[in-house]
Amino acid sequence: MIPAYLYIRVSTDEQARRGYSLREQEERLSLYCTTNRIEVLGIIKEDYSAKTFNRPEWKKTFGHAPKKT
372 MIPAYLYIRV STDEQARRGY SLREQEERLS LYCTTNRIEV LGIIKEDYSA KTFNRPEWKK
432 TFGHAPKKT
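Each residue of the sequence shown is one higher than the last, beginning at 372 in my numbering.
Some clues are possibly wrong.
Computed list of lysine to aspartate or glutamate pairs in EDC-like fashion (alpha-carbon distance at most 16 Å, straight line) [as the list claims (entries may be wrong)]: (1) Lys431 x Glu417; (2) Lys431 x Asp418; (3) Lys416 x Glu428; (4) Lys430 x Glu417; (5) Lys430 x Asp418; (6) Lys416 x Glu397; (7) Lys416 x Glu398.
Calculated from the structure, these hints are not laboratory results.
Can you build the whole structure from these sequences, using the hints too?
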């Protein structure tokens, strides 16, 4: 199986009303992973705007990743 972390994010209430809520994203991604034999190692949830990467969970998860040189 391929290992993966799921990063799901919604920034506005309108996005959630249109079918992109955190719960719906998690359900769709989990089904995709099950169908494609991808092992979910963890799920990271965020409700901040994507205008910048100044988001708490993003920084906590990816802020220490090695930079490509």
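Here is how each hint holds up against the structure:
For the suggested pair lysine 431 and glutamate 417, the alpha carbons sit about 11 Å apart, so the restraint of at most 16 Å is met. The straight-line distance between the Cα atoms of lysine 431 and aspartate 418 is roughly 14 Å, inside the 16 Å bound, and the hint therefore holds. This hinted pair checks out: lysine 416 and glutamate 428 have alpha carbons roughly 7 Å apart, not beyond 16 Å. For a cut-off of 16 Å, the pair hint linking lysine 430 to glutamate 417 stands: about 11 Å separates their Cα positions.
For the hint linking lysine 430 to aspartate 418, the alpha-carbon distance of about 13 Å falls within 16 Å, and the restraint holds. This hinted pair checks out: lysine 416 and glutamate 397 have alpha carbons roughly 9 Å apart, not beyond 16 Å. For the hint pairing lysine 416 with glutamate 398, the CA-to-CA distance comes to about 13 Å; that is within 16 Å, so the pair holds.
Checked against the numbered hints given earlier, the structure satisfies every one of them.
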